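Trainee: Let's have the full structure, built from the sequences with the hints guiding it.
Just so you know, we're using my numbering here: the sequence shown kicks off at 106 and counts up by one.
Keep in mind that a hint or two might mislead.
The list that follows gives simulated cross-link-like pairs (lysine-lysine, DSS-like), each with its CA atoms no further than 27 Å apart [unchecked claim]:
(1) K177 - K163
(2) K174 - K150
(3) K163 - K174
(4) K198 - K150
(5) K174 - K201
(6) K177 - K150
(7) K150 - K201
(8) K198 - K174
Just so you know, these hints were derived from the structure itself, not from any lab.
As the structure is a prediction and not an experimental result, all values here were calculated from the model.
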Amino acid sequence: MYQRLVLVGYLGRDPEMRYTPQGTPVTSLNVATNRRYNTADGQQKEETLWFRVSVWGKQAEFANQYLNKGRKVLIEGTLTGDENGGPRIWTDKEGKPRASFEVRALTVQFLDSKRDVAANAQPANGPVVAEAAVDEPVAREDLPF
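Mentor: Spelled out as C-alpha cells, the structure:
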C-alpha cells in the first residue's frame, strides 16, 4: 500500500521548533488550503481546510529559519490520523467544533521569498526545496541515476 499527500497553502502562524530527547529537530507548521466552488444554485462558496504538519531533521531547521506566517508552501508527505484514524477534533474559543489533519512532511518547498511576500509578487528565482531524509543519508555519487 502507498499513500502520498500534496498540499499547497499558506502558513497560519509562525513555525514552532522543538527537539526530541535524542536531539532531533521537529518543526510544527499550520497550513491552510482553500477551495472555491459554485453550489448547485449558483452561489460561490469557499472552503478552508487546516493541516498540522510536522517537519523533521535538517529541513525542520530550514523551515523554522526561513518560513513565517503568511508564506506560501508546498508540502509533500503522508497523512497521519488520531487513534481512530480520523482528524484531530477540538472546540475553539468561541465554542465551534474544529478539525485538522496531521501530515508528516517528506518534502517542503518554499513557494515565495520574503521579498515576494512583502511585495505581494510572484517568486523570481523559483521555489526553494528542502527534502527529508527517509532512511540513512545517501551521497549523490551513490545514487544509481
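Trainee: If a hint holds in the structure, say so; if it doesn't, say that too.
Mentor: Outcome of the hint check:
1. Annotation: proposed proximity of K177 to K163 holds, straight-line Cα distance about 20 Å (limit 27 Å).
2. Note on K174 and K150: the hinted pairing holds, with a Cα-Cα distance of about 24 Å set against a maximum of 27 Å.
3. Straight-line distance between C-alpha atoms of K163 and K174 comes to about 20 Å, which keeps the hinted pair within the 27 Å bound.
4. The suggested pairing of K198 with K150 holds, with an alpha-carbon distance near 24 Å, which does not exceed 27 Å.
5. A threshold of 27 Å between alpha carbons decides the hint, and for K174 with K201 the separation of about 23 Å falls inside it, so the pair holds.
6. Between K177 and K150, the direct Cα distance comes to roughly 22 Å. Compliance with the 27 Å bound is thereby established for this hinted pair.
7. A distance of roughly 20 Å separates the Cα atoms of K150 and K201; the hinted pair therefore holds under the 27 Å criterion.
8. The hinted pair formed by K198 and K174 meets the criterion: a straight-line CA distance of about 21 Å does not exceed 27 Å.
In the structure shown, no violation is registered for any of the earlier numbered hints.
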